[in-house]
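Peer 1: These are the residues of each chain, in order.
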Amino acid sequence: MKNIHAGHRKRMREKFLKGHAESLCDHELIEMLLFYCIPVANTNNIAHELINSFGSISGVFSADTSELMKVNGINQKTSEKIAFVGEFMRKFGKSDNEMFTENKSLKEYYSDYFRNVDSDVCLIVSTEQRYRIIDRICIPTNIFTEGEIPVNLIARKLLEKNMHHIVAGINHSKGNYFPTYTDYNIVQFFSENLSIFDITLKDCFICSGEVVYSIMENGFSPDKYF
Amino acid sequence: MDEKEFLKQLISFSEKEPDAERICSEMLSNYGNINSILDSDRIFYPRDIHMREQTAVLIGVVSAINRKCNAEKTVTKYIKGTDYAKKYFENCLRGYIQELIKTVVLDKNFCVLDSKLISYGDRNSVSSVCRQFADTAVMHKDAKYMLIAHNHPSGNPEPSSNDMFYTHKLVKAMGILDITVIDHIIVGKDKSISMKDICDENIFPQVKGYAYK
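First to last, the sequence lines map onto chains G and F.
Each step along the first sequence adds one to the number in numbering that gives the first Met the number 0, with nothing skipped, and position 27 is 26.
Each step along the second sequence adds one to the number in numbering that gives the first Met the number 0, with nothing skipped, and position 124 is 123.
None of these hints come from the bench; they were simulated from the model.
Take these hints with a grain of salt, some might be off.
[Stated by the list, open to error] Capping the alpha-carbon separation at 30 Å, the derived lysine-lysine pairs in DSSO-like fashion look like this:
1) F:K67 x G:K17
2) F:K115 x G:K160
3) F:K107 x F:K67
4) G:K201 x G:K160
5) F:K15 x G:K93
6) F:K107 x F:K85
7) F:K190 x G:K201
8) F:K67 x G:K160
9) G:K69 x F:K67
10) F:K115 x F:K171
11) G:K14 x F:K67
12) G:K9 x F:K3
13) G:K69 x G:K9
14) F:K188 x F:K168
15) F:K171 x F:K86
16) F:K171 x F:K188
17) F:K190 x G:K93
18) F:K115 x F:K86
19) F:K190 x G:K160
20) F:K85 x G:K93
21) F:K67 x G:K93
22) F:K67 x G:K90
23) F:K76 x G:K69
24) F:K190 x G:K106
25) F:K3 x G:K90
26) F:K76 x G:K93
27) G:K106 x F:K3
28) F:K86 x G:K90
29) F:K86 x F:K207
30) F:K67 x G:K106
Here the structure is a predicted model, which is why all the values come from computation and not from measurement.
Could you put the whole structure together from the sequences, leaning on the hints where they help?
Peer 2: Shown next as C-alpha cells:
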C-alpha cells in the first residue's frame, strides 16, 4: 500500500522554496526545523504540541532544554538543537522595532548595521515609514558585477516585500567611501529597471566604517544621468 | 563560541564536515556577518557556494522564524483606553509617506483579535473601506468593538470634513454588524487626535470599561 506521507519532507521544502517564507504558519516553520533534528517522524504533531505548550513561536525558542523535553517526541538532542537556534537568533538576529527620532537618521542606521560587516554587500531598506525600517534585504554586491544581473529575482523580492520607496546602502569593506563605478551601476540598475513597478530609489549611501556618503546629497540624481 | 562557530554549528544540522566549515567561511566572506545572511535570501547566495538544497532551506527557515519572533515582541494584546490606542496607532502609522487607514477588532475585554491596514486612496469608495473592515470583523465571532485610525502625511492631525463623513459611515456600517466603533484616531507628526474627544457624542457611543482620558 502506498505511503501517502512518503516524500512529505521534500514537498514541504519545495513549498518553502517556491512560495514566500512569511506565508508559512508558525507550526510549519517549526515542523521544517525539526526535519533537521528528528530523522524519521511526523514532526507536524510535535510542532503543534510545542506551540501549544509554550504559547507562541517565540515561547518555543525561549524555553530551556528541560522544559522542551517534556513535550512528546522531543529528546535531549532535539531540545539542545531547538535551544541552540533560540540562542543563535537572540545573538545575531537583529530586529528593527526601535523608532527613529529626529536625532537618529537613516545614515546612523546604516553605520550601525555595517559596523561589523567586512564584506561588500548592499542593504536595501523600505522607507515607507519615515521613522522605522519596515523591511530590508541584503544582497552581496558581486551579484551586480559578476555575470548577468538577476533583474527578475531582485524585482520579485522587492515586490514580495511590498517595497515602494527604497534606500540602498552599499558597504565598502576596503575603506574607501567614494562611489565607484560599481556603485553607480547599482543606482542605474534600480532606477532603470524598478521604477516601472513604482519602486523609487530615494537615495544611495556608501558606507565605510563610520563614514556614510549620500550620493544624492552630493548632487547626483538618477533622473539626470540615466 | 564566536560568530563563525555559531554559524558552523547551525549549518552542521544539514552538512557534514568539512562542508559545514567551508560553507560557513564562504557565507561569512560574502556577507560579513550572520545578521546580513539572515537578511538575505537564498536566491542571492553566490553561485560558487555549493551547498545542499536542504542547507539553503535551513538558513531560510531560521531567518523566517527570527522575523516572526521579532514581530511577536511588538504584538499588542489589549487596547483598553485612548492613551493605549494613540500609542498603538502612532507605532503603526506615524511617518508613512502615503495615507493609510487601520482598523483593530477587539473582543468584549478589549483584547486585540485582528487588525487590517489599507490604503486610504480613493475618497469615493467608502463602501470599499467598510467592506474591508467588515470582512475583518466577521472573521471573529467574539468581535465586539472596533478602533479605527489613519495618518495624515502632512503632519497635521486635525480631521477634515472627509474624515468626519467617513467616520459616520464606518460607525453606521459596523453598527449593522453589532460592532461598536469606540474611536477614530488621527495620527499626525508630533501628536494624535481622538475624534471621540473632539466630536459630537452621538457619533461614538460611550463604552463601559474603556479609559477615555
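Peer 1: Given the proposed pairing of G:K106 with F:K3, does the C-alpha separation stay at or below 30 Å?
Peer 2: OK: G:K106 and F:K3 at ~28 Å, within 30 Å.
Peer 1: Check whether the Cα positions of F:K190 and G:K93 lie no farther apart than 30 Å.
Peer 2: 29 Å, holds
Peer 1: Taken at face value, is the distance from the CA of G:K106 to the CA of F:K190 at most 30 Å?
Peer 2: 25 Å, holds
Peer 1: F:K67 and G:K160 were given as a pair; does the straight-line alpha-carbon distance stay at or below 30 Å?
Peer 2: 15 Å, holds
Peer 1: Is F:K171 close enough to F:K86, meaning Cα to Cα at most 30 Å?
Peer 2: Measuring from Cα to Cα gives roughly 26 Å; hence the hint holds.
Peer 1: Are F:K171 and F:K188 close enough, with their CA atoms no more than 30 Å apart?
Peer 2: At roughly 29 Å apart (the allowed maximum being 30 Å), F:K188 and F:K171 satisfy the hint.
Peer 1: Quickly compare the C-alpha distance for F:K67 and G:K17 to 30 Å and report which way the hint goes.
Peer 2: 19 Å, holds
Peer 1: Checking one constraint from the list: CA of F:K115 to CA of F:K86, max 30 Å. Satisfied?
Peer 2: Between F:K115 and F:K86 the Cα gap is close to 17 Å, so the pair holds against 30 Å.
Peer 1: Given the proposed pairing of F:K190 with G:K160, does the C-alpha separation stay at or below 30 Å?
Peer 2: 29 Å, holds
Peer 1: Is the hinted pair F:K15 and G:K93 satisfied, with a Cα-Cα distance of at most 30 Å?
Peer 2: 28 Å, holds
Peer 1: Is F:K107 close enough to F:K85, meaning Cα to Cα at most 30 Å?
Peer 2: 19 Å, holds
Peer 1: Under the criterion that the straight-line Cα-Cα distance not exceed 30 Å, is the pair F:K3, G:K90 satisfied?
Peer 2: 12 Å, holds
The structure shown violates none of the earlier numbered hints.
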